[in-house]
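S.K.: Place chain D on chain A using the hints.
The listed protein sequences correspond, in order, to chains A and D. For the first sequence, the numbering used here assigns the number 1 to the initial residue and increments by one for each residue that follows. For the second sequence, the numbering used here assigns the number 1 to the initial residue and increments by one for each residue that follows.
If you are wondering where the hints come from, they were derived from the structure by calculation, not from laboratory data. We put the beta carbon where it would ideally sit given N, CA and C, even for glycine. A portion of the hints provided could be inaccurate.
To be verified - So the derived label-pair ranges between C-beta atoms look like this:
id	chain 1	residue 1	chain 2	residue 2	range
1	D	E184	A	T20	29 to 37 angstroms
2	D	Q3	A	T20	27 to 35 angstroms
3	A	S5	D	I81	29 to 37 angstroms
4	A	I80	D	E13	16 to 24 angstroms
5	A	L94	D	S67	45 to 53 angstroms
Said to hold, decoys possible - Derived pair list, reagent style DSS-like, types lysine-lysine, alpha-carbon separation capped at 25 angstroms:
id	chain 1	residue 1	chain 2	residue 2
6	D	K12	A	K65
7	D	K17	A	K77
8	A	K65	D	K133
9	A	K77	D	K57
10	D	K17	D	K57
11	A	K77	D	K133
12	D	K12	A	K276
13	D	K133	D	K88
14	A	K65	A	K77
15	D	K88	D	K12
16	A	K77	D	K12
17	D	K63	D	K17
18	D	K57	D	K12
As the list claims (entries may be wrong) - What the simulated footprint calls covered on chain D by chain A, stretch by stretch (three residues with Cβ under 8 angstroms from a Cβ of chain A suffice, anywhere in the stretch; the number is not a length):
id	region
19	61-75
20	121-135
21	145-152
The primary structure of each chain is shown beneath.
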Amino acid sequence: MNDCSWYGEQISAYLDGMLTREEERALQAHLADCPECSALLDELRELSEAVASLQREPPPDFAEKAVARAAAARRIKSMIRSITAMAAMFCVVLLGVGSIFLFRESPADGRPVASNAPSASAYAAPAEPVSSPSSQAKCRTFAKDKSASREKNAAAKESNPSGEQNAESSSGSVSETDEPQETAFRETEAAPGPGNGISTAGAKRPTVNRPLETETAISSSPCAGSSQASQWKGGPYFAVLTARSAAAPPESSPNATYLILNKEEFNAFLASWEAKGVQYTLDTTGENIDSNAQTGLVLFHASN
Amino acid sequence: MEQERELVIRAKEGDQKAFEALVLAHERLVYNLALHMTRHPEDARDVAQEAFFVAFKRISTFKMESSFSTWLYRLASNVCIDFLRREKRRKSSHVSMEEKNGRILDLPDTNQSPQERMENRELLCAVEQGMRKLSQDHREILVLREIGGLSYEEIGAVLQLEPGTVKSRLARARLHLREILIREGNFPDRAASKKTGKEEPV
Numbered sequence: 001m002n003d004c005s006w007y008g009e010q011i012s013a014y015l016d017g018m019l020t021r022e023e024e025r026a027l028q029a030h031l032a033d034c035p036e037c038s039a040l041l042d043e044l045r046e047l048s049e050a051v052a053s054l055q056r057e058p059p060p061d062f063a064e065k066a067v068a069r070a071a072a073a074r075r076i077k078s079m080i081r082s083i084t085a086m087a088a089m090f091c092v093v094l095l096g097v098g099s100i101f102l103f104r105e106s107p108a109d110g111r112p113v114a115s116n117a118p119s120a121s122a123y124a125a126p127a128e129p130v131s132s133p134s135s136q137a138k139c140r141t142f143a144k145d146k147s148a149s150r151e152k153n154a155a156a157k158e159s160n161p162s163g164e165q166n167a168e169s170s171s172g173s174v175s176e177t178d179e180p181q182e183t184a185f186r187e188t189e190a191a192p193g194p195g196n197g198i199s200t201a202g203a204k205r206p207t208v209n210r211p212l213e214t215e216t217a218i219s220s221s222p223c224a225g226s227s228q229a230s231q232w233k234g235g236p237y238f239a240v241l242t243a244r245s246a247a248a249p250p251e252s253s254p255n256a257t258y259l260i261l262n263k264e265e266f267n268a269f270l271a272s273w274e275a276k277g278v279q280y281t282l283d284t285t286g287e288n289i290d291s292n293a294q295t296g297l298v299l300f301h302a303s304n
Numbered sequence: 001m002e003q004e005r006e007l008v009i010r011a012k013e014g015d016q017k018a019f020e021a022l023v024l025a026h027e028r029l030v031y032n033l034a035l036h037m038t039r040h041p042e043d044a045r046d047v048a049q050e051a052f053f054v055a056f057k058r059i060s061t062f063k064m065e066s067s068f069s070t071w072l073y074r075l076a077s078n079v080c081i082d083f084l085r086r087e088k089r090r091k092s093s094h095v096s097m098e099e100k101n102g103r104i105l106d107l108p109d110t111n112q113s114p115q116e117r118m119e120n121r122e123l124l125c126a127v128e129q130g131m132r133k134l135s136q137d138h139r140e141i142l143v144l145r146e147i148g149g150l151s152y153e154e155i156g157a158v159l160q161l162e163p164g165t166v167k168s169r170l171a172r173a174r175l176h177l178r179e180i181l182i183r184e185g186n187f188p189d190r191a192a193s194k195k196t197g198k199e200e201p202v
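The shape of chain A in the complex, shown without the other chains (with noise of 0.2 angstroms):
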């Protein structure tokens, strides 16, 4: 057998018909003269044969065990995004819930806008006049985008139109959460503009055409625009609330002044005018900048 033994790797494949004719040939010629190497093929061949009759059948109900398994795993992960759906969508609405009281309850600081640049995309835009004395409930309402502060506002015309909360708006400190805020007192030191921060929209559009009485006070206090609004005597008097990024003031009009202000400066002017009983037109949309602020003052609240 020792002679042999490479021919075992040939028996083998020669069993699996896995040899070439050459090889085949060869091999047959040679299983013709060695009567050990043609037992060898037998018995692997029977080997073979009875390793094959090992085979067993699986279980009767494998298939179907496997199946339910797989099954059981799929709505095992299903639940699972279904629950971490609910979890995030939960947190999301409870985020939301959340910033409307942080927002509701955050007080203003009186920090000036400057508006040369990047907060002249803040003007908002539409017209929905509006002449009431709630319009300081509103004033406390201001959210960062537009349609929050369409709701909001609704809501507070809808609510109270305390004056306590104006004075609470007004006075008290800011909140360290809104980043608005923080940025446009930032653009303010960084890029300083006509006004030490209540900025025209003259960087981008000249807009600024009476002298601006009210300017030093309002940079210096938030609540200096209550007291100051009162002595301009341009009117009519407009006030433009929404966020929308791509409004701007009209084109330059001589006959009308534009503020572009933050939320607290554009609180306190619209209180100062409650109080006072000015009546004045506040434009949600933007929609009638052009045609309804050619005349007055006009006031821009700069969303950022």
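M.R.: Then chain D, alone, in the frame of chain A:
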């Protein structure tokens, strides 16, 4: 083949019926591979179930670059190897392999005469015992070839071996099994008899 491809596509999309059809088509080889690798019916059932479960979980990642059966058998082989590694770590403190081996297979009934059945039964018992003594690699390749009927090319794809290696490993596995059976007196060494000129015992 095209039908299997269709089933795989549907299974990848989560079709439970398609997955069931794939299980039915391949359960026999997966189970037998597990049976001869684990050498115990209950372990084989669990390991084979695990193999299909893993396949179900991973089928979405199957890129269909190879045949599904190749992918599945390779996966099943890996599951078996993982099982054996775990077993090896704990076997010394539990039931010995010999005890476990004693419970392994029920031999099938055939239409043979009582004497033939007895002889066949003895041979099968001997072969089965011999298989258990083979190395893991040899058991695996013998099952894929003899029970699964896989070609050398398919075996190479499953075990990630070159065709030449498949050929040599398969030959060594067969020769080793033969040696074990002869050594234990369970198989007549006809080749040696031919060499020495002795008649094989009846």
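S.K.: Work down the list of hints and note, for each, if the structure agrees.
M.R.: Evaluation of the provided hints:
no.: 1; hint: D:E184 <-> A:T20: 29 to 37 angstroms; in the structure: holds, 36 angstroms
no.: 2; hint: D:Q3 <-> A:T20: 27 to 35 angstroms; in the structure: holds, 33 angstroms
no.: 3; hint: A:S5 <-> D:I81: 29 to 37 angstroms; in the structure: holds, 30 angstroms
no.: 4; hint: A:I80 <-> D:E13: 16 to 24 angstroms; in the structure: holds, 20 angstroms
no.: 5; hint: A:L94 <-> D:S67: 45 to 53 angstroms; in the structure: holds, 51 angstroms
no.: 6; hint: D:K12 <-> A:K65; in the structure: holds, 19 angstroms
no.: 7; hint: D:K17 <-> A:K77; in the structure: holds, 18 angstroms
no.: 8; hint: A:K65 <-> D:K133; in the structure: violated, 31 angstroms
no.: 9; hint: A:K77 <-> D:K57; in the structure: holds, 11 angstroms
no.: 10; hint: D:K17 <-> D:K57; in the structure: holds, 15 angstroms
no.: 11; hint: A:K77 <-> D:K133; in the structure: violated, 42 angstroms
no.: 12; hint: D:K12 <-> A:K276; in the structure: violated, 72 angstroms
no.: 13; hint: D:K133 <-> D:K88; in the structure: holds, 15 angstroms
no.: 14; hint: A:K65 <-> A:K77; in the structure: holds, 18 angstroms
no.: 15; hint: D:K88 <-> D:K12; in the structure: violated, 35 angstroms
no.: 16; hint: A:K77 <-> D:K12; in the structure: holds, 15 angstroms
no.: 17; hint: D:K63 <-> D:K17; in the structure: holds, 20 angstroms
no.: 18; hint: D:K57 <-> D:K12; in the structure: holds, 10 angstroms
no.: 19; hint: 61-75; in the structure: violated (count 0)
no.: 20; hint: 121-135; in the structure: holds (count 5)
no.: 21; hint: 145-152; in the structure: holds (count 4)
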